[in-house]
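Asker: Below, each chain spelled out in residue letters.
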Amino acid sequence: MKPELLEILCCPVCRGPLTLTTDSTEGTEILTGTLRCAKCPAAYPIEDGIPDLLPPDERS
Amino acid sequence: MGARTFRDRPPHRPAPPSAAIYPPREDTFLLLPFARVPAGIRLLEIGTGNGLLALTAARAGARVVATDRNREALRELLRTARAGGLPLEVVRTDLARGLGRFDRILVNPPYLPTPRGFEDPDPPLRWALDGGPDGLRLTRRLLGAFPRHLRPGGAAYLLGSSLQDPAGTARLLARWRRAGGRCRIVAHRELPGERLTVRRLDRPARPRAGGRRRGRSRRRTAAPARGRPGGPGGGSSPGPDRRSRRARGAA
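In the order they appear, the protein sequences are chains A and B.
First residue of the first sequence? That's 1243 in my numbering, and the numbers climb one at a time after it.
First residue of the second sequence? That's 300 in my numbering, and the numbers climb one at a time after it.
By construction, these hints were calculated from the structure, which means they are not laboratory data.
There could be a bad hint or two in this list.
Heads up, incomplete: computed chain B residues facing chain A, CB under 8 Å, no partners named [stated by the list, open to error]:
{"hint": "1", "residue": "Arg324"}
{"hint": "2", "residue": "Arg374"}
{"hint": "3", "residue": "Asp393"}
Listed next, with one range per pair, are the computed distances between beta-carbon atoms [stated by the list, open to error]:
{"hint": "4", "chain 1": "A", "residue 1": "Thr1263", "chain 2": "B", "residue 2": "Pro465", "range": "48 to 54 Å"}
{"hint": "5", "chain 1": "A", "residue 1": "Arg1257", "chain 2": "B", "residue 2": "Glu371", "range": "27 to 33 Å"}
{"hint": "6", "chain 1": "B", "residue 1": "Pro465", "chain 2": "A", "residue 2": "Arg1301", "range": "33 to 39 Å"}
{"hint": "7", "chain 1": "A", "residue 1": "Pro1245", "chain 2": "B", "residue 2": "Ala466", "range": "30 to 36 Å"}
{"hint": "8", "chain 1": "B", "residue 1": "Ala382", "chain 2": "A", "residue 2": "Ser1302", "range": "40 to 46 Å"}
Cβ coordinates follow ideal geometry from the N, Cα and C atoms, glycine included.
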């Protein structure tokens, strides 16, 4: 994902803003990382450049 | 995948060779003209699957976000988009959860009525095809979600089928209008035993206000969409593998 995508993402649980932690990038592309909600404890992985906002039990 | 069985699947929707990504079909093509959008608009495709609509919009210059539950489908789409340098992002989520507002939303939801007990055990196939007992399971949820994801002046283009419960469809649309939204058929296509429609749903001017802009709906004789839905070959001749619904009706 490109960092700009963050502008239109929010926490699917509480709609709070998400903060981005980047683990690996390729050019401007974020390949792996974590999106954390600033308002609730929820966190969502980014893998292969794809943010996964499914609830944890539906991610497999 | 050789092991997959389609005991209750219509023959025109066989399993794709891998990852169960729904290939473009008549319903996809009926939506295609609405993916050709002005450059710069923000477009969301919910349940993008093969990604044809999202890619078409991105090639037109829209800033596109495509969602799906199918990770393989999203990987493939992202690869294609990046290879073409297209302004497209993908998000794995349930419908549009966790996403903001867009100028246009495109959705070809699963709409095949699927009796309880006949759900496909394979999640990607279920996600792509299974509309619940009345065919409206996802459509119902989408109509609830659209107001949260449309900008003022925005519209959603939603594919529907006469296979979905007609009374249920009418109830859902009546509710949309009562909330102040507009709804009209902007494209349709007759197939053997089925009528496909694309409805344009305009965001309620003031969500929850209710009552505004009523009465201008239900135009069953809407003009055909711009362009020719139907893709190569166009016209009204159904694809060779399309719809023998009677077999399914007996299931």
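Asker: State for each hint whether it applies.
Answerer: Hint-by-hint comparison with the structure:
Against a cut-off of 8 Å between C-beta atoms, the interface hint on Arg324/B is violated, since the closest Cβ of chain A lies about 25 Å away. Restraint check, Arg374/B versus chain A: the minimum CB separation of about 6 Å is within 8 Å; hint holds. Hint status for Asp393/B relative to chain A: holds, with the closest Cβ pair at about 6 Å, below 8 Å. Taking the beta carbon of each, Thr1263/A and Pro465/B are about 49 Å apart, inside 48 to 54 Å as hinted.
For Arg1257/A and Glu371/B, the Cβ-Cβ distance of about 28 Å falls inside the hinted range of 27 to 33 Å, so the restraint holds. Evaluation of the 33 to 39 Å hint for Pro465/B and Arg1301/A yields a pass: the beta carbon distance comes to about 37 Å. Between Pro1245/A and Ala466/B, the C-beta spacing of about 47 Å breaks the proposed range 30 to 36 Å. Between Ala382/B and Ser1302/A the Cβ separation comes to about 28 Å, which falls outside the hinted range of 40 to 46 Å.
Hint violations for this structure: numbers 1, 7, 8, all remaining hints satisfied.
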